[in-house]
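As they're listed, the protein sequences go chains A and B.
Residues 1 to 151, numbered by this note's numbering, are exactly what the first sequence covers, in order.
Residues 1001 to 1766, numbered by this note's numbering, are exactly what the second sequence covers, in order.
Hints are supplied without guarantee of correctness; some may be wrong.
Unchecked claim - No farther apart than 25 angstroms at their CA atoms in a straight line, the calculated lysine to any residue pairs in the SDA-like style are these:
1. B:K1700 to A:N117
2. B:K1700 to A:I78
3. A:K95 to B:G1106
4. B:K1700 to A:Q150
5. A:K141 to B:G1703
6. B:K1123 to A:I78
7. A:K95 to B:R1589
8. B:K1535 to B:D1524
9. B:K1111 to A:G55
10. B:K1164 to B:E1280
11. B:K1227 to B:N1177
12. B:K1700 to A:E145
Calculated directly from the structure, the hints in this document are not laboratory data.
Everything numeric in this text was worked out from a predicted model, so none of it was measured.
Listed below, chain by chain, are the residues.
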Amino acid sequence: MRTLPALLAFAVAGCAAVVQPPGPYPAPGPFPEAAPLPEPAARTENLAIAGLLDGARADAAAGRLASAAASLERALRIEPRNPRLWQELARVRLKQGDYAQAESTAARSNSWAGSDNALRAENWRLIAHAREARGDAEGAKGALETAERQR
Amino acid sequence: MLDRAKFWRYARYTVLTLALLAAGFTFYLDFRVRSEFEGRRFALPARIYARPLELHAGLRIAQIDVVRELQEAGYGQGPREGDPGWFANDNDWLEVAIRPFVFWDGLQPAKRVRVAFEGGAVKAVQDAEGRELPLARLEPLAIGGIYPANNEDRVLVRLSEVPKPMVQALIATEDRNFYSHHGFDLRGIARAAFSFLRLKGLQGGSTLTQQLVKNFFLTPERTLSRKVTELFMAVLLEMHYDKDEILETYLNEIYLGQDRDRAIHGVGLASLFYFGKTVEHLTLAESALLVGMVKGPTFYDPFRNPERALERRNLVLRETKDRGYATMEEYSKARTADLGVNQKAAMGTSPHPAFLDLVHRQLRRDYDEADLRSEGLRVFTTLAPRVQAAAERALERKIAQFDRGKIFGEPGLEGAVVVTDTQSGEVQALVGGRDVRFRGFNRAVDAARPVGSLLKPAIYLTALADPSHYTLVTPIDDGPFVWKSRGAPDWEPTNYDKTFHGAVPLRMALAHSYNAATARLGTDIGVEKVLATIKRLGIERVMEPYASTLLGAVDLSPLEVAQMYQTIASGGFRTPLRAIREVTTQDGRPLRRYALAVEQAFPPEAMYLITAAMQGVVREGTAQSLKNWLPPETAVAGKTGTTTEQRDAWFAGFTGDRLGIVWIGYDDNRAARLSGAGAALPVWGELMAALSPEPLALPKPDGIENVLIDPESGLRADFACSGAVELPFALGSAPAERAPCASALGVAVEGAKQQAKSWMQRLFGR
Chain A
1 MRTLPALLAF AVAGCAAVVQ PPGPYPAPGP FPEAAPLPEP AARTENLAIA GLLDGARADA
61 AAGRLASAAA SLERALRIEP RNPRLWQELA RVRLKQGDYA QAESTAARSN SWAGSDNALR
121 AENWRLIAHA REARGDAEGA KGALETAERQ R
Chain B
1001 MLDRAKFWRY ARYTVLTLAL LAAGFTFYLD FRVRSEFEGR RFALPARIYA RPLELHAGLR
1061 IAQIDVVREL QEAGYGQGPR EGDPGWFAND NDWLEVAIRP FVFWDGLQPA KRVRVAFEGG
1121 AVKAVQDAEG RELPLARLEP LAIGGIYPAN NEDRVLVRLS EVPKPMVQAL IATEDRNFYS
1181 HHGFDLRGIA RAAFSFLRLK GLQGGSTLTQ QLVKNFFLTP ERTLSRKVTE LFMAVLLEMH
1241 YDKDEILETY LNEIYLGQDR DRAIHGVGLA SLFYFGKTVE HLTLAESALL VGMVKGPTFY
1301 DPFRNPERAL ERRNLVLRET KDRGYATMEE YSKARTADLG VNQKAAMGTS PHPAFLDLVH
1361 RQLRRDYDEA DLRSEGLRVF TTLAPRVQAA AERALERKIA QFDRGKIFGE PGLEGAVVVT
1421 DTQSGEVQAL VGGRDVRFRG FNRAVDAARP VGSLLKPAIY LTALADPSHY TLVTPIDDGP
1481 FVWKSRGAPD WEPTNYDKTF HGAVPLRMAL AHSYNAATAR LGTDIGVEKV LATIKRLGIE
1541 RVMEPYASTL LGAVDLSPLE VAQMYQTIAS GGFRTPLRAI REVTTQDGRP LRRYALAVEQ
1601 AFPPEAMYLI TAAMQGVVRE GTAQSLKNWL PPETAVAGKT GTTTEQRDAW FAGFTGDRLG
1661 IVWIGYDDNR AARLSGAGAA LPVWGELMAA LSPEPLALPK PDGIENVLID PESGLRADFA
1721 CSGAVELPFA LGSAPAERAP CASALGVAVE GAKQQAKSWM QRLFGR
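For reference, chain B alone in the conformation it holds in the complex (with noise of 0.2 angstroms):
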């Protein structure tokens, strides 16, 4: 029959599209095995490190810091042999079992060094045979990366690495045919259809090599196609690979659990993530609870589930010994181990997201952000780990301090703090906002806030470097002031207080941030040339050459602030702001290093008068409440900052070795009704009392002397007037007459009180 013939020819015609159809889909199939396979690399995330301590005797750290330190870095209590990563101490010494650890100048080998403390500073550091040692350099702590997609995580590690225990587990508990399947497995499947069936729920089933095709090529959907598609995949891997190659790959791809936002993938970070070792190092029982976790790492989360994650392991120990892996003595040993954990803090992909935001955008100019996110890059930074703990405490003590004031509505008070290291610009920490963890608005980089008084000193500064003209006694009208423009309103600055002072010695118009005089001051000076020193302070931001600048209404971000600050605390060096050190490849081969730079913008003579200046206003100014905090001795330079209606709170200040800004407001600009030195000041107060502070020390100038000075009248005085200060000059700018109390020395007090007067007329008899 014709209809018959027809049927056949159909049905030949459909056969044959049918085998070409999974021949071409078999064919593209092993294309993406093999491509994708072979090109594969996993993508790495670039790794942040802190900076390393380094102990040496002489330096200025408790014991209970550096155990702090060791402790986040993953070691655990001493001693144990053959193993690096632990610490033992007793209340004088500390013994540490350094990690080796590729540094920017190279390998670090393991090694073991005594460390002794007295009178918190380090009083020795030894080797383990007891000789001196100049220097210990400890591995610096991991504080985050920047990750791939979905913030995967992973320390990539070869088969020859991975401990054979491990490998024997994972064989007996997932895949007991490994080496002999060709990518699946009948017996394997028959004994989950049998489970199933049984009712003990869907199980397992999938070979080793059907897991990984699963997590590499597939979408996690449940699907019989999907199923089929992952068989043929399974076969036609294990056609181009051997089993090594595969299992090695196996091992660096299985998800092992999550820290926060970031995936722990592979055996590698799984080891130290949860044990704090390397991956060669671990034990029967360590190896047994890692691989119990792959059939569910959350369920068998060893953190939160202790107990389920025990029993999971002392079954796949088990498995492990029936299959002949392990002897009864080692599977009994290793059943009454305890699950030997390390819980450290969350970290998710950074503990100090402000920071490492910096870090990042620093990155960015240099290199790609695909680059940053799978090259597996090392990066060294400049954080302090102590430092910034000290800020981040700081800032979250005062903020909820004043939350418990319930007198500010929500949103909630924030608040930045950026403290940098004087001398080499280094930033030491960064804290972006209230919630130290929370990755977003980055206040320290980008809330440019009216800076208000924080800009004074760069007036102060611009007039001292004219000595000629002005001196720290210079009197200086804090009378009311009207500066006129035209095409302006005119221009009426009050003082905090809103009184005025009548004549006022300049270093006391600094101290207690008088306005008025300031302005007058300022515009006396000229508004182009103290905008052209703030420049070369370092602020790039292009400023309106207006009156008003002078008084602040310029919004600076913290970290601008601190750039300005930093060429007054480093003595007129200016030093870019940095917060990284160098930059290797995966492997330590150095790409890049951010070396120190100095310019010198500011001569000598003149940085010291503004610093002098700047420690009156701690000693005696807006600052002195800072003594609650840190001894005269310490002298600290300040400079306390608050806006109109009181809406942003500043203190920028520094002591011989840090330099610290702290600003408090609202992200929304509400007036806060705090001032600088009432909101600020207690923050900064607090973080460096914390930090032990090295005093404030300028070394005098060959251009300056000290000259005695009877503040009453600001002129010279001798050892007769009681009260007299002395007060840094460039040399020949002091003043020349003496103080009515210098009579002592032959001056007729008569005389003196004329000239004094006919001194104070010629400034202010216009």
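If we strip away everything but chain A, and leave its shape as in the complex, we get (with noise of 0.2 angstroms):
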């Protein structure tokens, strides 16, 4: 579970934000320089699934985006209805700086998230990362504060 401890770290960061006064909050920096995005804990009951999506985290670290990005549409034609999968399918996007695709990606995953709200901060999150990236400072602070309601 070395993914724990990021998911901490980031709830930890969360909180102290809602306690501090509203006011300038850390923007986001370019990505991927910024700070590192949760990986998502995510082990679901299906193999196949599972399988995929290991075999595209591995190719997305290792820079093979479009590898990783078809992964991760076989896994959605098998669960299309898997958030998880269209959050990560997100990360890739703004990884191949196709930020227009990363947002409405997140969305789609926002969509199936249902009551996860950790899931949908993080796509909100992931939302925020696109429009700063794009120049939409504005749009990036909009997204944040909506990734901070979601608890």
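Mind docking these for me? Both chains are given alone in their own frames, and the hints should help you get the complex.
Listed below in structure tokens is the structure:
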């Protein structure tokens, strides 16, 4: 569960931001130099999905982004309503520099997220990164604020 | 004598001229042989594949459907040792020896998998050693190609891949002295002449080299001058190239049969076509069959003329044995083998020409036509063979049924079907007309027809996106409606049932497809606003901003309609329809991926509401008859469409996993006297029922609440109200007033009645 500390760190950071009076928040820097996004601890029941997801993450880590996207699309054909897969795809799109797709793919993840607020918050942070990268500071700020509200 | 000297002089000139001409001719031929043979690359068609079937635990698919797909890919009943491409099965499990295949993401080596089935679904997937496998990807079906001139198809092989017995049988039968002659064979010619003189007919005599030259450079007419040219070129070819190069080219060039409009060339493709396996796995008997066919692929066609083909094969086997290439034992074993051919349905250039046409168009945006026809590109598409088969069957059956009624004259009724995946926008099936194998007018893509009521969801969506003014229960007046605009005749839409229905709740106006109510709603909102919604739904065609546009006086193709409904089916995310996933080079290097792309075009709340209203169309509206095919739990959302004089019958609808569009009508626009519900809906129902659809269950967005409503008054109900229905509303938009039946909660009966009355009056009292 190597992802747990990262998640905790983020949760703590989130709390801190809530406690502080409204003011300038730490803007996300250019991706991927910014604070690393936490890896979601997705452990799905479906072995096929798990295998493809592992493959996609390995590919993404090694910079083989097109392969990573292809594996995720394969997984999505099996479980099109799995918000974690959409989120992972949004993350790859962000790395590919396709910010418009990163944002709408994260929104797609949100549409299947149900009551998983942590997942939603993460999607909004991805959207903030994408907007920031496109030079939409105002939009990024709004997205981060929405992320904060997901709890 | 002067004349005599003159004669000799002329003779000398003549000889010299002739010698020069001969030298020039030879030089010219030599140039042609070298340049063309050297630069010659076989033009290879782009090869088009269906989506690969990916088996994993939990996949809903019956074993029979997997077996059918394997058989279509040329897999036979096994087991066969050391030779993949077979399956073996029992009631509960299926074992498959998957052939190696180069996918977009690399080579998948040959492997054996065991798949367990239970209750119409895959229970487990294992490897040969019984270890669990997360996923097994089967070889995709080849569904056609984009072919070079004459529709020549071939799969190139190296000489080293061709089994030795095949080469030996070829040489024994066609050209015994191949390794020793210089392009022509006097003994062969003598033998041919001898047999000609014995009235055994004109036969052979040509070396393999001559045959190659003939196929490669020359036209097929049989004249002496052509024969001489052939001889010269054969000799020249032998001077420049070694025997193996000539033999390899011959094996790849040779014509070995016909599959409808597709010509089978070369032993590589012939092995796959006749035996369903790669050339290196051919036995002596199978090799001999192909060699026998060189002489006349139609005459010795093993499918049409099996006795003749068998006799010819055995003759080849005897020649092979007589030349010492096969032992007596090998010979007698091969002689007794059956033909071993594996007949599949004729495919021609494609069994699904309409889908292939769509693929071809999408490819043309990114590739040169010449490259598509010669570079051997491999194109991985989204076609789902099972869905395509269901779509073809449903359309053919329904149209045959109408034909039997004989109420429709010639030319017959036509139709088109598009099926897509609701989440990814992948086109899973496309049918372009009643003759599903016909390569011609592709109605799914090219027939732009009036869409009628199919446009209505766009009007209601525009309304529902504005919850402060419109909800599912907002009363809409379905009284007579006249639209006056300057410079145009008055527009007075009437209803399908020729009556007007007074005030109806918005959701019912859509469910019953009331024209007057819809026209009033659309003009109240504004035509321009509705057109903007249609555009956002993904329709690129420019529409006239006339009020009549609202009721579908607009021509769209079934594919365009599919794009529009796709956006609704995927919860407001516009997803471009795609028929292609990936393209690679001939040897598997990835060239291009067509990635999944989504774009949020509408807020989830509005989409949730319009989907609920469209589910009402099926539950209690014009598409109620769908219950004859699918249970109510499937909760299909759909819309029927019928145009003026019933020229066009449409149904568009989606389940949780698939969107389908069906159009039925005449090419020449005659009145078909068929309604959307009567003609198009049955095709849709039969098609989807064959595919065990996933129920449609949209995730409820945060901004939506369900409220119990009394259908009588359209007001808030409670459990005291019988017949109350739960309907979704954008937060805060549900009616505040309580219905009369809700008196149990302490609201005075009279008070509620008064309230209701005044509320109705406020809306309709004008």
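Do the hints match the structure? See the list:
1. B:K1700 to A:N117: holds (15 angstroms)
2. B:K1700 to A:I78: holds (22 angstroms)
3. A:K95 to B:G1106: Roughly 23 angstroms separates the two Cα atoms, so the pair holds.
4. B:K1700 to A:Q150: holds (17 angstroms)
5. A:K141 to B:G1703: OK: A:K141 and B:G1703 at ~22 angstroms, within 25 angstroms.
6. B:K1123 to A:I78: Distance ~15 angstroms between B:K1123 and A:I78 Cα, so the pair holds.
7. A:K95 to B:R1589: holds (23 angstroms)
8. B:K1535 to B:D1524: Cα-Cα ~19 angstroms, so holds.
9. B:K1111 to A:G55: Roughly 20 angstroms between the alpha carbons, so the hint for B:K1111 and A:G55 holds.
10. B:K1164 to B:E1280: Roughly 9 angstroms separates the two Cα atoms, so the pair holds.
11. B:K1227 to B:N1177: holds (20 angstroms)
12. B:K1700 to A:E145: holds (23 angstroms)
Hint violations for this structure: none, all hints satisfied.
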